[in-house]
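**Q** The chain contents come next:
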Amino acid sequence: MSHPIMLDGFSLPPPIKVSTFTKLEFGPVQVRLPVLTATTLSDVINQLLTTQEQYLSKQSTTAILDMIDAAVARWLKPDDPIREMAERVLPNITGLSPAVIRLGLTRMLEGYRKDALYRILRHELGDANRLDAFQAKNETRTCLTRAVGPRITTNILAGNIPGLGIADLIATVLTKSACICKVSSHEPFSPALFAQTLIQIEPRLAYCLAVLGWPGGRPEARSLEEVAFDRSELVTATGSDEAVLAVRQAAARSQPVSGRFIGYGHRVSLGLIGREALEDLKSAAQAAALDVAMYDQQGCLSPHLFYVETGGDHFPRQFAKALAEELKRLEHELPRGTLDIPTAARLHQIRSMAEIKQADGEEVIVFGSETGTLWTVIYEADPGFALSPLYRTVRVKPIDDLTHVIPLLELWRPYLQAAGIAASEPRRVLLAEALARAGVNRICLIGRMQQPPVGWPQDGRHFIADRVRWVDLEL
Amino acid sequence: MKRKTDSIYDEVLDFIRHPVEGRFDPLALQVFAFQFERSPAYRRYCEAKDKTPDNVGSWREIPAVPTAAFKELDLVCDQPEKVFFTSGTTQGPTKRGRHSVPRLDLYRASVLPNFMAHLLPDLAELRMLILTGSPMLWPHSSLTHMMEIVRREYGGTDSGYFVTDAGLDLDGLSRSLREACMHNKPVMLAGVTLAFHHFLDHCEERRMTFRLPSGSRMMDTGGFKGRKINLSSSDLYHRYETVLGIPQTHIVNEYGMTEMGSQFYDNVLADHLNGLSRPRHKRVPPWVRTRVVDPETLEDQPPGSAGMLRHYDLANCGSVMALQTEDIGYTVGDGLPAGQAGFEITGRASGSEARGCSLLVEEILRAQ
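Protein chains in written order, with the working numbering: chain W, 1 to 475; chain L, 1001 to 1368.
Hints are computed from structural coordinates only; laboratory data are not their basis.
Be aware that a few hints might be false.
Said to hold, decoys possible - Simulated restraints on C-beta separations:
1. L/D1235 / W/A386: 56 to 62 Å
2. L/G1347 / W/E110: 56 to 62 Å
3. W/S19 / L/L1273: 35 to 41 Å
4. L/G1167 / W/F315: 51 to 57 Å
5. W/R461 / L/G1172: 38 to 44 Å
6. W/E110 / L/G1057: 54 to 60 Å
7. W/M6 / L/P1121: 50 to 56 Å
8. W/E110 / L/Q1248: 57 to 63 Å
9. W/Q196 / L/R1278: 40 to 46 Å
10. W/Q196 / L/G1167: 56 to 62 Å
11. W/L445 / L/K1049: 35 to 41 Å
12. L/D1235 / W/S19: 29 to 35 Å
Don't be surprised by glycine CBs; every beta carbon is placed ideally from N, CA and C.
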């Protein structure tokens, strides 16, 4: 790795050319992004709209699904040069370990296969071809209905999970919308690489996409945001609450009132371990450890803590110990990534604080990697919901009954995303009712938290249906 | 027992007053043994790390306690003469850190020579204009306690405090500065960065500037911790220079904390008066050692490489000597042995990098 690897984090439709670039550096990897003017961006949008009108709007959903599937297949093929490139550079860009990147990409992209996307379209729209033509709305057949996507969508992407932006790109294309993807400076590469993949499959589809970057929220980007938002019928933003709010405000200034905005902000998840699951302590701990290790807890589906029910075959603190052992084992299989100094310092601090509380006689037990901050499990009797500093730092808290967790979530209601549960199915179903009312959007098995099926209700929303408008034809 | 207690404090006091090469290490080990014996929580913390007076052979091996621990428990070896509280700006009133100090004479012994060496190396007698609350107003502030020690010992006539219960006395301060200019009498300004920032805003709005007499100087401390102010220290020093007429060689930043009996000061004024020209950095007094460690390996970082700051302060003899701070910095290669070399602070431990959809600890704590 003596020579820097130069990559392009953008994809622009021809004949657009840009001559100035900025470079983002990630150790030996450099990612180039174009410096755009409002005029160039306007030209890009005109070009996208032309191709959307002449090509994409006329494609059937099935045809689009086939093209996406062909691209996804290349990302899933271990020896494909595109897949190899992603695996080679994403560890540098994200700081995650190569093993986590490999597993993450495979699991994520498996969800974007044709069958899965088809099922989502059918489920969300009532019929998978509702984006192609008017179809009967009800049995009387006096009214037909269809879905129409935006002509153009701007997606402001997050960078916490590698490849996450590809989902926005796919959803946009499935609604037959032209697409501007503004990449995150934390992961500015995979959306462009996916666009490059599409160019090799069907350039006309790929040229309905522009992947680019601008310094979001900063004064110099204001004119670019105005152009993009003014012309987009839909603006989506994923990121920190602060970033999403800034985009929402900017979009509100530029979009007509009828323009749509979808924001995905800060979210937290948690795990619940029922007493019956403690019978097989090792399996429960294994599943929980995987949920913690995947993406080093950087995802909104990563558990911040586990509530473990008392009264089972093992004590909650035994679960904490078992979880620690599994995290230790995973350190070989799925090592944690590298951290910058301030983050590692924070983890060290959190662990030392728990150690001093333990020394002070509080009901706290710390299990941690012998060297460094690779993983930390803090068993803590205090039942309060506590956020984790992430990067494989997790708390385990005992609870008399899993239903007692519900009132503890009240303060976190606007931020809740997923709850993983290890318990019998009847209890999971019962608990799900209460969790749904408490604000949780996805309830799944422990061990599956990081494998959401495509179309899972992120922030409680539909994957495709929230992006379309409905048109009725009354006969 | 009482006798033994007194003897360790007295030994430290003697060392601070007359630092002798080679005495820090044995004294640090004695203090560690004392704190290990006297503070049950600290003892158990050390035992869990398998560090005891029997197997610790150097000050660097003494287990460091996170400064945040002062919010959770009372780490003290004897009945305190005084308890200092942190200002508690970022968390609720129940989460203020408290530092119990059994012997204030130790505190005083550490404050005076260090302040003198870095702010009054020329032994000037200056009127001190202090931008903190008075001891009456801020009875629990360690900074005020320190300023009061310094004011009584070194402050010229009419030295005093400019933060009142109504806030910073902007007019009073302006008046005092004008007097200083008129009578050509140099002054020392000392206080918290936020108060200076406020005063600079006030002056800039009114296009008011001062040409303070030569020899005037200032000490600021605290920075913008926990505030949403984006201003680099060089920008800030430039503003001090422009508005107050104090050259950057006479602007000394202090770095201290409630949890620590000793302070650190910038080298600039002492260097200037000694004809030295070195980049701005913090100096380590002889009774303190500072390590910059890699948070993963806990080994010393080479000069210039960032790490966590750990201080070992003998003036903390009555509480905990070894402190793990949340500050990030690097040591300066100044030829001194590791621990005694100067350092600079570059930031704080974070959980603060805004990444994706996972929520940040601090943000939600602030929202609570």
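**Q** Next, verify each hint and record whether it holds.
**A** The hints, checked one at a time:
1. L/D1235 / W/A386: 56 to 62 Å: Cβ of L/D1235 to Cβ of W/A386: about 37 Å, so the range 56 to 62 Å is violated.
2. L/G1347 / W/E110: 56 to 62 Å: 40 Å, violated
3. W/S19 / L/L1273: 35 to 41 Å: 54 Å, violated
4. L/G1167 / W/F315: 51 to 57 Å: 54 Å, holds
5. W/R461 / L/G1172: 38 to 44 Å: 57 Å, violated
6. W/E110 / L/G1057: 54 to 60 Å: 56 Å, holds
7. W/M6 / L/P1121: 50 to 56 Å: 53 Å, holds
8. W/E110 / L/Q1248: 57 to 63 Å: For L/Q1248 against W/E110, whose Cβ atoms are near 60 Å apart, the range 57 to 63 Å holds.
9. W/Q196 / L/R1278: 40 to 46 Å: 51 Å, violated
10. W/Q196 / L/G1167: 56 to 62 Å: 59 Å, holds
11. W/L445 / L/K1049: 35 to 41 Å: 38 Å, holds
12. L/D1235 / W/S19: 29 to 35 Å: 33 Å, holds
Violation of the numbered hints given earlier is confined to hints 1, 2, 3, 5 and 9; the remaining hints are satisfied by the structure.
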